[in-house]
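Visitor: Spelled out, the chains give:
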Amino acid sequence: MTEEQYPRLSGEWMTPRRRFLSALYGGRVDKVPAMTLSSVITLEAMEIADAAFPEAHLDAEKMARLAATAHENLGLDTVMPVFHSQLEADALDASTWWGTKDNWPAVDDHVLTDPDDFKVPSDYLERRSFKAALGAIRLLRKRYPDVGIVGKVYGAWSVGFHMVGIENFLMDTILDPDKIRRYLEVLLPASMMSAHAQLEAGADAIMWCDHANRELVSPDMYRDFLLEMHQQIQAEVGGPSILHCCGETTDRIDYFAEAGWDCFHFESQVDPVKAKEIAGDRMSLFGNINNPTVLFSGDYEDCYEACMTVLNAGVQGVAPEGSVPLGTKMEVLAALADSARDYSNAHRPDGRFVVHDPPAAGGDD
Amino acid sequence: MVQLSDIANETIRAEIEEFLERPEEIERNVELFTRASPSMQDIAAALIEGDNETVDRLTAGALADGVPALEIMDDGLIAGMGIVGIKFREGYVFVPEVLVSARAMKAGMAHIEPILAASGVEPIGTVIMGTVQGDLHDIGKNLCIMMLRGGGFTVIDLGVNTSPDEFLAAVKDSEARLIGMSALLTTTMPNMARTVEAFKDAGLRDQVRFMVGGAPVTPEFGEEVGADGYGKDALDCVVLAKQMALQVRR
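Chains S and Y, in that order, are what the protein sequence lines are. Heads up: the first sequence runs through residues 1 to 365, numbered per this note's numbering. Heads up: the second sequence runs through residues 1001 to 1250, numbered per this note's numbering.
Not the full set, but computed from the structure, chain Y residues with beta-carbon under 8 angstroms of chain S:
1. Phe1094
2. Pro1096
3. Thr1188
4. Pro1190
5. Glu1224
Hints were generated in silico from the structure; no laboratory data involved. Positions of the beta carbon are idealized from the N, C-alpha and C atoms, including for glycine.
Chain S extracted, bound-state conformation (with noise of 0.2 angstroms):
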């Protein structure tokens, strides 16, 4: 990374760790961070790093080089090793198709049918997928101590997806909801055992993916099997908490905030300005820029354009909406980076701090 290419602000004056930190918790920054919270790998990091899918899944150090590359060639302010989503089941006996350079890893096969069979294996921090996660977060934390680390886990609802398979899950939510209460109950150990463990390693922050979005379940749903859940979450994670759930959430961001997640990852499908208003200062923000069509089809202006849109809206950081498809350009993701410069150059009146417009008057309900 040049000088040339990514020019410091004037009054820039906080670590990208630190800026991370206080913009998830709401707080002063001297520039809105831009972020990798999922993915941004791409082929061509695969190249800059000359470490690819899937070997680099398994081989910390491979990982870490190319998380890496979000600092080192897109100028973000963090750094987020665990590109898939299975960490925990892959340790949890799940089979796993670990993927090729071009595709992503997913669970091929579930192994799960009574929740009461469940047991969180003695070494289960010591298997393949964790050995590889910590050791890349333990590098990264060495090799870049002033950049945000940003730790994934997959809690128990979506552990649980994997683990039972995603259809067989959801009917029971109607069928026989004690089971998936037993489930959750179960399987919630595994995912804070990870949580902590990335932490320790080094992580500044956890991701914490359960995917109760609109496309899948009702608001009540995840009041009647998340909400306490998630609120026992807060108490025991130890660490700065990120609420990641996929698709249209506007309808639950309310639950989110009251769960007491620090900060909430949204998606394209929900409107940045109405998840403000929802979510007041009770919650941070981070998202939204869509992947299919911003990202990956569109060029370096779209994303530009839709990096401020979302910036506008007063949100504490700007990141991808999901992990971005690999065949993304880079130079499409540098637009995150240097919206997000831009944007805080125009809003610091006394040119130390950010200070977001008032947000827009009134929703459109």
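Once you've looked at the hints, dock chain Y against the given chain S.
Guide: Then chain Y, alone, in the frame of chain S:
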């Protein structure tokens, strides 16, 4: 003119009254269920409630009583699923409720399909369906397949993680000309474009029609990847497939 009160089954009446808003859908369903016999209405009601055991029992009973399989499928199973589809579209129910009703529909179709197959009823067309490469999510695809089969199509299900070559091979093997691609992940959506490209490279693009769908897929994205149509949900998929079947005549 038929009235809502002409429908014998109380559950069906309540469902139409409470959940249907569009006048043309109210009219169509009131007409449909008024025409349907009380036993067909009972099947539809049980399906809407996700009661697979009752659907199984009532379907078997109706067949034993001599009700034609096609009538049970159209006036009982598909009619009930149509209400579920509308409730899903309008946000009154979500995927779990749809899956439970789909399970009930499957219980009924298990009796119907062998009879239809044996009777030599010609399908409207053949559709090749698959979740694109790298994506192992199949709830949406499976719901589409169920509705397509219920709608009179033969479906070749390629399952999940379907490579462009597998779509190509299926077309070559079956001579089907209608292809449905599904993706749940924004990371795998680009594989829809790769599949379309593979058909161009093989010189087969002009001979087939592509439908795309999946939670993050939009009509605009469908256009960008070169698909011929986009379906928002399983009901939409059937409508789209019927239009395209006329175009490909197979």
